[in-house]
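Engineer: Listed below are the residues making up each chain.
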Amino acid sequence: MIAARRLLSPAPLLLGSLALFMAVFVAFPLGCLALKSFQDRSGLWVGLDNYLAFVASPALGRAVMNSLTVSLITTVITIALAFPFAFALTRTRMPGKESLRILAQIPILAPSLLPALSLVYLFGNKGLLKAVMMGQPLYGPIGIILAEVFYTFPHALMILVTALSVSDARLYEAAESLGAGPLRRFLSITLPGARYGLISAVFVVFTLVITDFGIPKVVGGQYSVMATEVYKQVIGQQNFGIGAVVGLVLMLPAGLAFAAESWGARKQKALLSSRSVPYRPNHQPLLDWGMFAFAALVVALLAGVLGMAGYASFVKFWPYNMSLTLDNYDFAQVDGAGWSSYWNAIEMSILTAAFGTVVVFIGAYVMEKLKGLDWLKSLIRLLMLLPLAVPGMVLGLSYIFFFNHPDNPLNFLYHGMAILVLSTIVHFYTVSHLTAVTALKQLDAEFEAVTASLKVPVWKTVLLVTVPLCLPAILDILIYLFVNAMTTVSAVVFLYAPDTKPASVAVLNMDDAGETAAAAAMAMMIVYTSTAVRLGHAGLEALLQRRTQRWRKRS
Amino acid sequence: MFFNEGSAMSPPYLRLSGIVKDYGSCLAVDHVSLDVLEGEFVCFLGPSGCGKTTLLRVIAGLDPQNDGKVEIGGRDVSKLPPSARDYGIVFQSYALFPNLTVTQNIAYGLKLKDKAAIRARVAELLEMVGLPDVGAKFPGQLSGGQQQRVALARALAPAPKLLLLDEPLSALDARVRLHLRSQIKELHRKLGITTIMVTHDQEEALTMADRIVVMSKGRIEQTGTPGQIYTHPASPFVADFVGAMNFLKGTAAGEGRVRLGNVELACLNETPHGSDVTICLRPEDVVVRNPFGANVVPTRIESLEFLGPFHRARLHSDEMGGITLTADFSANLVRDMELEPGKMVPVALPSERLRVFPVQP
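Protein chains in written order, with my numbering: chain R, 516 to 1070; chain F, 991 to 1351.
Just chain R, with the same shape it has in the complex (with noise of 0.2 Å):
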């Protein structure tokens, strides 16, 4: 009898829906995505003939050499300005270090269109700052990479202050004391200890360049790269089979990235011995003082980017009447969709957080915590890292050749806010997954094992304990999903239905319709939101440190 109750004890049962869960929303339609590649229009089985097509063809050549350019370029540019930020707020005595450590942040809080948008009214046709262009056109490789710089900024600026945080100070004193400068000690030492964080920080920037598509949307003009070609010949001339094949290509170095950031994260790990001593900058006036000044720069600019698209949705008529207004954010009057898009981006990213923190706590505890089963979790383990390599634009395609084909019973999610939010969830899945993971590896590993032996249901110990105790990193997952549902563009935009519009893709329209004020103002209406909930995480979890601080708190 009890052994018929372990039986039909959920765990098994949790694992399983765990597994379905990961194969109908990542293993299938990624197969499908890669069966598609291999038909032509009608769907019939034409080999490689898609591949040579790709191959063949010169705007496609064209594209993919622009994508490479313009991903290069940012990625050099990107580093040189996240690098020495990353070394000022770590190594140095920088004065206002937390304050420019978190305005750095700002590009996140916006969906990549807006420094696009911006840039339009900065160095535009009808721009303010128009005769800094001296002539070159904005529109093209320079307003993508400038746009992509901003947008890629503080992804580096993370991963790079993660690696040089880590340092051991006995290294520079052994140094020192024998007789190696600053310099010497910077290469022999900083740089080699950051290589790893330094080389997953350009797999990461490159990742996102190649793969983005708002940005060169709105400002790549004539200039086509890989992003926009998909979009172009899936839903500009259905041609389906080339989609798939640009959708796989892309894949390549996200999944280069991947592998190169699991591998620097394995390698850097490594490097500090628990014996280390952490390094304490010495105070170094020309050096902080220098640091400051480079760091309150990027930092304005950063702020400035932002602040024209804030500017000039409150402008009247761009550059004529330059007077304030609230009109562009009357959006009815040049999009049929109206406030609409915007209510429902609020939706789609609640429902995302909720839902998607609820699956991925769950999905990661039962990964974590249940014992046997260990092909099955390998496989689970594999489908949950998988979406971190692959880009939006590709997970939306696959979705479309998936979901909406005409036999599959799950066809019904197609038009709804339904496949929006599953897909946002698995786009965003992996981070999620491993906040959650490293918080449950952070519990004793023998809360399970107590609580057996003291004859007490698990779940009553996951509520009043595993749950509390990782309350912060569930706050964190429910920002990171919502957030990040508000700003996306690329996956979406091959799934909306007219009623289900997002704001970041009535965004995309409105821009494409020429309504740049209405278009900035809508991006504004995500950064507005994004920062409140922001703001307010930041207020809850000041609350709940107060909170739980007596048992936190050692004595």
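Treat the hints with care, as some may be off.
If you want the footprint, here are the derived chain R segments under chain F, 3+ residues with CB under 8 Å [said to hold, decoys possible]:
hint, stretch
1, 954-964
2, 979-992
List of simulated lysine-lysine pairs, DSS-like, C-alpha gap at most 30 Å [claimed, not checked]:
hint, chain 1, residue 1, chain 2, residue 2
3, R, K884, F, K1207
4, F, K1175, F, K1059
5, F, K1175, R, K970
6, F, K1101, R, K970
7, F, K1059, R, K892
Just so you know, these hints were derived from the structure itself, not from any lab. We put the CB at the ideal spot given by N, CA and C, even for glycine.
Chain F: place on chain R using the hints.
Structural biologist: Relative to chain R, chain F alone:
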């Protein structure tokens, strides 16, 4: 006393028969059978990776065995989940719930409905582990030793018939460890609860256990009282693992004789004549005051290492084939006999203290 009444007549409280735990890459527990009497305090002793913790987790049902039978209190629990077995467990990491108070932790497994009854039981347990005033605190506000005692109280709260301790003292510093050792022992005496403790610390096992189970590579090397294990180790492994030991290479020289260089020693040898043997002798069993009998050999003191209450001497013996023997001499013996490096001293190697093992080919 309760734990002494478990005579050979009564059935064992815990019976393991042919337990096998295979992790695929290694055989963690290799056909182990063991009986533990009611009220007994048994230590699983061995180096890390010997399978002692795995065996404990098999008993607890946390890592189910691949083969074999576990019976607790005469009931076959081999296939039952942990929650259907009756035991309390304490881990090295304590595994206290950090967001619950000490009282809430201890009351976690109590099935009492009445709030007052729960309060009374918790107070009783806190009193028992000597921490009457910490009920309102959180685990993070207690020292390591206090946390371990709370974990003990929590495990004992539902009054289990079996207590499992997984390296309960390893995370504590030496002084606290000594104190807790005697407290756990005292508690065991008072409650008479059948207890199994896993440890890699031989001193802990020797001082706390009624019976020690020495394990190596997933098998039981020897089972016996601390005295038996120490004075009559059943194998060179046990001899080496428990206490300090001289290992001398020699050959069997017939019934009750072994040869070491030019010397023949009397001992309890049963190995065939001419075979290679290892002769074991504890450093404290080397007699330097009034040596007499057959096994007296001349040695020269090579070095004397001061270790506080005693000196550890290295004795060189040309007679025994140029070997070096380690011997422990008390501080006042060294003073009385004016022992110092370079001095020649005859020592006796008492025949009843010599353990002879055949050399494994």
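Engineer: Against this structure, judge whether each hint is valid.
Structural biologist: Do the hints match the structure? See the list:
1. Restraint check on the stretch 954-964 of chain R versus chain F: 5 residues with Cβ-Cβ distances below 8 Å, three needed, restraint holds.
2. Against chain F, the stretch 979-992 of chain R contributes 4 residues with a C-beta closer than 8 Å to a partner C-beta. That satisfies the three-residue criterion, and the hint holds.
3. Restraint check for R/K884 and F/K1207: satisfied, since their Cα atoms lie roughly 27 Å apart, inside the 30 Å limit.
4. A hinted pair counts as satisfied when its Cα atoms are at most 30 Å apart, and F/K1175 with F/K1059 qualifies at roughly 29 Å.
5. Taking the CA atoms of F/K1175 and R/K970, the gap is near 26 Å; set against the 30 Å cutoff, the hint holds.
6. As the CA atoms of F/K1101 and R/K970 are separated by approximately 9 Å, the hinted pair is consistent with the 30 Å bound.
7. Restraint check for F/K1059 and R/K892: satisfied, since their Cα atoms lie roughly 29 Å apart, inside the 30 Å limit.
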